[in-house]
Amino acid sequence: MAGRTHAHAALVLILAALLSCGAACGRREADNAAPAEEQAKAGAKPAAGHVAEGALCKEHGVLAALCTKCNPKLAPVFQAKGDWCEEHELPESICPLCHPERGGKPAADVPSDGAPADGTKVKLKTKDTARLAGILTARAVERQGGGGIPVTARIAYDALKVAELNARAPGVVQKLFVDVGSEVKQGAPLAVIDSADVGADRSRLAGAVARLKVAEENLKREEQLEKEGLAARKSVLVAQQELDAARAERASLAASLAVVGASAGGSGGYTLTTPLAGVVTQRRATVGRLVGVEETLFEVVDVSSMWAELDVPETELPAVSLKQPVVVEVDGLEGRELKGEITYVAPAIDPATRTAKARVPLANPGGALRANMFGRARILAPARAAVMVPRAAVQRAKTVKLVFVRLADDQFEARRVEIGAIEGDLVEVTKGVRPGEEVATEGSFLLKTETLKESIGAGCCGED
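In this text, residue positions in the sequence shown follow our numbering: the first is 7, and each later residue adds one.
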C-alpha cells in the first residue's frame, strides 16, 4: 500500500512539473500579447453564460468587487484559498492574463457538488506529458450486455409462513402431541398446558353464568309486577341494568378463555394448536415444565415455498428491479435450476459487505430446499447494446462519477457519466461516452486531481 502511495505521489509531481511549465509559458505569452488594461478596452468578453455578471475595474480589467489591486485587503483571502497568481498579483481564477476567456470574472457555472463540470478540458504541456506521467488509454467498446448479474444466494424460510408459538397463559405442560420434524395440519394440537389462570377464569365464568340466570329471572318478575301495578318502573330499569352487567361479564370471561384456546367447561387445562400447516422445526416444551407467556415453545414452518436471499453489490443495483427474473443454483442440487422473480430489494446497504439484500420466492414442492443452503444466482436482463470501459477509467469526485476522454495527445475532456452493470474488469457506461472514444485508464486519477485545482498547464481547464 505504501509503495502504491509513493508511486502515485511521484506521478502527481511529474505531471505538476510538466503542467506548471505550460502555465508559465502561457502567462508569458499573454504578457507579451497585451496588458490587461488593453484587453479590457479592446472588448475581451467572456462567453455567454460562462462568467458572473458585474462591473469591471477599468484600470485592471477584473471584476471591480474582487480587484485586489484596488482593494489590497482582499488579497490575503484569495491567497489563503490558494487562488492567487504570483506573477500578476491577482486571483488566479479571474486573472485576465492567465484566463483572458473569462474576461476578469469568475466562472458562474462551476458545479456546487465539488466535481468538475461536464466537458471540462485538461490541456497538457506537450504530447509526451501523458506518457511521462504514466497515463494510459483504452477504447470504449460496444458489446451485447445484460446477459445476467452473478450474485451469491442463501436459502431462507418464507417469513410469512413461519409460526412461533408460545403459551397463551402461564402454566405447566401436561402433554405433548408433536416433536421436531412432525408434519402438522392447520389447527392440529401441539400440547396441553394446565394453567391456574385458566382455571380461575373458568370458575368466574361459571359464576357469571349463574348470575346471568338470576338477573334474567329477576327482570321477568319485575316486569310482571309492573303489569299488575305492584312495582314501580324504576325497579324494572334496575333489573334490566343488572341483566346487562351480567351478560357483559359472561362475554368478557368467555373471550378470555377463547384467546388461550380454552373452552368454557373442564378444569384448568387448555390445548395449544398451530395456526398453519407445516413442519415442527423447534420444540422447547417438555412435560412438567413451568412455562410463561413470553417464551416460544414451538416453531412451525410451511416449507412448500422458500426464499432465496441475494447479496447484490451496490455497483450492480442500478440494473436490478422488481419482477426481474432470476435463476438460482444451490450447492447440493447441482444441475437443477430454480427460477423466480425479485419481489423485494432492500433500501439499505450493508456497511460491512457493501451489498443490498434482494428476495426471490422459490417453489419447494419436494422439500429439497433447506434453510441456510448456499448457492449462486444470476439476475437476468434483456440483451442490449452496451458501451463498456475499463473499471480503472471511472473516477469519483464526491458523488459524481467521471471518465476522461482523450481529444488529442495533449488534451482530455472530463465527462460526467452514469454507470450500469459491472462485468469483470469492464463497466457499462449508460451515459457520457460513445463507442470508439479513447478514455484514460491508468493515471486517470491525476487528470481528476488537476481538474479540481481549477487551472492547469498552458490551456488550463475550461469548457466549450
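Everything labelled a hint here was simulated from the structure, so no lab data went into it. Treat the hints with caution; some may be incorrect.
To be verified - Listed below are the simulated DSS-like cross-link pairs for lysine-lysine, each with C-alpha atoms no more than 27 angstroms apart in a straight line:
no.	residue 1	residue 2
1	167	345
2	345	363
3	329	127
4	233	219
5	64	75
6	133	345
7	127	345
8	79	64
9	181	191
10	363	329
11	329	437
12	329	345
13	191	240
14	181	167
15	133	75
16	219	191
17	407	127
18	407	454
19	167	454
20	329	167
21	127	167
22	226	240
23	127	404
24	454	437
25	404	345
26	407	363
27	133	167
Tested hints:
1. Proximity of residue 167 to residue 345 is assessed by CA-CA distance (about 20 angstroms); at most 27 angstroms being required, the pair is judged to hold.
2. Among the hinted pairs, residue 345 with residue 363 is consistent with the structure: their alpha-carbon atoms are about 18 angstroms apart, no more than 27 angstroms.
3. With a C-alpha separation of about 42 angstroms, the suggested pair residue 329 and residue 127 falls outside the 27 angstroms cut-off, and the hint is violated.
4. This hinted pair checks out: residue 233 and residue 219 have alpha carbons roughly 22 angstroms apart, not beyond 27 angstroms.
5. The straight-line distance between the Cα atoms of residue 64 and residue 75 is roughly 12 angstroms, inside the 27 angstroms bound, and the hint therefore holds.
6. Restraint check: the Cα-Cα separation between residue 133 and residue 345 comes to about 55 angstroms, which exceeds 27 angstroms; the hinted pair is violated.
7. Proximity of residue 127 to residue 345 is assessed by CA-CA distance (about 49 angstroms); at most 27 angstroms being required, the pair is judged violated.
8. For the hint pairing residue 79 with residue 64, the CA-to-CA distance comes to about 19 angstroms; that is within 27 angstroms, so the pair holds.
9. Between the alpha carbons of residue 181 and residue 191 the distance comes to roughly 19 angstroms, so the proposed pair stays at or under 27 angstroms and holds.
10. Between residue 363 and residue 329, the direct Cα distance comes to roughly 15 angstroms. Compliance with the 27 angstroms bound is thereby established for this hinted pair.
11. With a C-alpha separation of about 25 angstroms, the suggested pair residue 329 and residue 437 falls inside the 27 angstroms cut-off, and the hint holds.
12. This hinted pair checks out: residue 329 and residue 345 have alpha carbons roughly 12 angstroms apart, not beyond 27 angstroms.
13. The suggested pairing of residue 191 with residue 240 is violated, with an alpha-carbon distance near 56 angstroms, which exceeds 27 angstroms.
14. Restraint check: the Cα-Cα separation between residue 181 and residue 167 comes to about 26 angstroms, which is no more than 27 angstroms; the hinted pair holds.
15. Our distance criterion of 27 angstroms between C-alpha atoms is broken by residue 133 and residue 75, whose separation comes to about 37 angstroms.
16. Distance check on the hinted pair: residue 219 and residue 191 sit about 40 angstroms apart at the alpha-carbon level, beyond 27 angstroms; violated.
17. For the hint linking residue 407 to residue 127, the alpha-carbon distance of about 16 angstroms falls within 27 angstroms, and the restraint holds.
18. At roughly 10 angstroms between alpha-carbon atoms, residue 407 and residue 454 fall within 27 angstroms of each other, so this suggested pair holds.
19. This hinted pair does not check out: residue 167 and residue 454 have alpha carbons roughly 52 angstroms apart, beyond 27 angstroms.
20. Annotation: proposed proximity of residue 329 to residue 167 holds, straight-line Cα distance about 21 angstroms (limit 27 angstroms).
21. At most 27 angstroms may separate the alpha-carbon atoms for a hinted pair to count; residue 127 and residue 167 exceed this at roughly 59 angstroms.
22. Annotation: proposed proximity of residue 226 to residue 240 holds, straight-line Cα distance about 14 angstroms (limit 27 angstroms).
23. With a C-alpha separation of about 19 angstroms, the suggested pairing of residue 127 with residue 404 holds against the 27 angstroms cut-off.
24. Distance restraint check for residue 454 and residue 437: the Cα-Cα separation of roughly 19 angstroms lies within the 27 angstroms cut-off, and the hinted pair is therefore satisfied.
25. Restraint check: the Cα-Cα separation between residue 404 and residue 345 comes to about 39 angstroms, which exceeds 27 angstroms; the hinted pair is violated.
26. Restraint check for residue 407 and residue 363: satisfied, since their Cα atoms lie roughly 24 angstroms apart, inside the 27 angstroms limit.
27. A C-alpha spacing of about 67 angstroms is found between residue 133 and residue 167, which places the hinted pair above 27 angstroms, so the restraint is violated.
The structure fails hints 3, 6, 7, 13, 15, 16, 19, 21, 25 and 27 (numbered hints given earlier, in ascending order).
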